[in-house]
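There are 2 protein chains.
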Amino acid sequence: MVDPRISVIDERLRQVSRIIAVSSGKGGVGKSMVATTLALTLAQNSKVGLFDLDFTSPSTHLILGVKKALPKEDKGIIPPEVNGLVYMSLIYYSKDQAVPLRGADVSNALIELLAVTQWGKLDFLIIDMPPGIGDAVLDLLRLVKRVEFLIVTTSSLLAFETVKKQATLLRELKFPIIGVLENMKMNNSDSIQLETGKLGLNFLAEIPYDPKVEEAIGNKNKLLETMIAEKIREILQVKAL
Amino acid sequence: MVDPRISVIDERLRQVSRIIAVSSGKGGVGKSMVATTLALTLAQNSKVGLFDLDFTSPSTHLILGVKKALPKEDKGIIPPEVNGLVYMSLIYYSKDQAVPLRGADVSNALIELLAVTQWGKLDFLIIDMPPGIGDAVLDLLRLVKRVEFLIVTTSSLLAFETVKKQATLLRELKFPIIGVLENMKMNNSDSIQLETGKLGLNFLAEIPYDPKVEEAIGNKNKLLETMIAEKIREILQVKAL
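If you read the protein sequences in the order shown, they are chains Y and L. Residues 91 to 331 (this note's numbering) make up the first sequence, in order. Residues 91 to 331 (this note's numbering) make up the second sequence, in order.
Source of the hints: derived by calculation from the structure; they are not laboratory data. A portion of the hints provided could be inaccurate.
Note that identical chains are pooled: a pair holds if it fits in a single copy or bridges any two copies.
[To be verified] In the BS3-like style, the derived pairs of lysine-lysine whose C-alpha atoms are separated by at most 30 Å in a straight line are:
#1 LYS157 <-> LYS329
#2 LYS275 <-> LYS310
#3 LYS288 <-> LYS158
#4 LYS235 <-> LYS275
#5 LYS329 <-> LYS162
#6 LYS275 <-> LYS254
#7 LYS255 <-> LYS137
#8 LYS254 <-> LYS310
#9 LYS211 <-> LYS157
#10 LYS254 <-> LYS158
#11 LYS310 <-> LYS137
#12 LYS235 <-> LYS264
#13 LYS254 <-> LYS137
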């Protein structure tokens, strides 16, 4: 039997112009920081939603400093507005507890969240994806066909190896990749840029390691002053994202 | 029906004195580096196995610089010896390709690897776990009852939040936690140490950020000269791990 919620998902996202999934091959590369900062930066000129689907370690609520804002129920779920973003996270349903989710439960929670959330009219919906290629990523690819990917890596060989795998999968499935961001850079090597080029992917920018990022957790204004925000503004000025 | 492989797992691990799972709440904290360096350090005085079960981004083969060594089949799988370690990784079966594994496939691969691998007599088996609390972690807890956990974090609030969740789960299930390592430290704050104490966990050491770690990838001797190796030696000298 086809899950009846699946047909609802397209309708829910009908008024969203672009859906950008911020993704990484492995964790700890600053993916959630980039997703949140990208959403906040775009929101200065556009209507933007931020959707935390990182089942492995949801953290955009900490980065945004979400306090007490809760979704409302009205023929689905209406996400709260947080720091100017239409914000939704699975933590509203897991209560941020140590809830180990099996693959099937991850799929179920993802479908449920996609089917019930009333995003309304948005210019951009930014999704903070789980790292790697697991159940949630595979489900999203199956359920939402219009997703574009922005891939975050660090300068480390170990992180970039996983980017290669993810890029291969996305290409086979014909999902567009906006490009690769090299985050937390602490060296002068251009090897990530070169390797990105070899994969035929767009190298968007390198973002120097910035100790202010940790201090900016929970503070919108400080987030918009980090190197991540600065580089994202540069990308938006020079290139159409 | 009970999977017949499950009864075999205990027998396969019978001659292994201690099983230590190196774990983290989220990725990118240097877990695989710590697991590999711990295994190499222990191997200077003991017989040690290293088992890469990080389905999200296997990387110990890159860190060890594994070349061409392949498991042999003989009433099960006999792992190759790599840099003095008895070494096994799921990459021998996934061929390091972009193979997206569903939760059920992860469980199946994990059970298969545990059931077929002939470790022989070992003083220590070090397991590089996937980050977080997913299918592979839950299966390991179900299948191997004698695992002790060593948890790696960075100084970041976002990483430590996920440590709390993992520690809560492990305690509920009554698995011993050896302690917490704070890796890639770049500040002078003792907040991770304090928070670890509040959780009632043993704070093992802080490991300063060391740019030599990236250069040591693939080189055993260089790995044993990093700050990670130095701190692990200190822990082994002062405290019984």
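Here is how each hint holds up against the structure:
1. LYS157 <-> LYS329: Classified as neither; 34 Å inside a copy, 42 Å across copies.
2. LYS275 <-> LYS310: Both. Shortest intra-copy (23 Å) and inter-copy (25 Å) distances satisfy the 30 Å Cα cut-off.
3. LYS288 <-> LYS158: Close across copies (25 Å), not inside one copy (46 Å); limit 30 Å.
4. LYS235 <-> LYS275: Answer is neither: 32 Å inside a copy and 41 Å across each miss the 30 Å cutoff.
5. LYS329 <-> LYS162: neither (37 Å within a copy, 52 Å between copies)
6. LYS275 <-> LYS254: Both: 19 Å inside a chain and 28 Å across chains, each within 30 Å.
7. LYS255 <-> LYS137: Result: close neither inside a copy nor across copies, 33 Å intra and 34 Å inter.
8. LYS254 <-> LYS310: between (32 Å within a copy, 25 Å between copies)
9. LYS211 <-> LYS157: Intra 24 Å, inter 53 Å, cutoff 30 Å: intra-copy only.
10. LYS254 <-> LYS158: Cα proximity of LYS254 and LYS158: across copies only (21 Å, versus 39 Å in one copy).
11. LYS310 <-> LYS137: within (16 Å within a copy, 51 Å between copies)
12. LYS235 <-> LYS264: within (10 Å within a copy, 43 Å between copies)
13. LYS254 <-> LYS137: neither (32 Å within a copy, 35 Å between copies)
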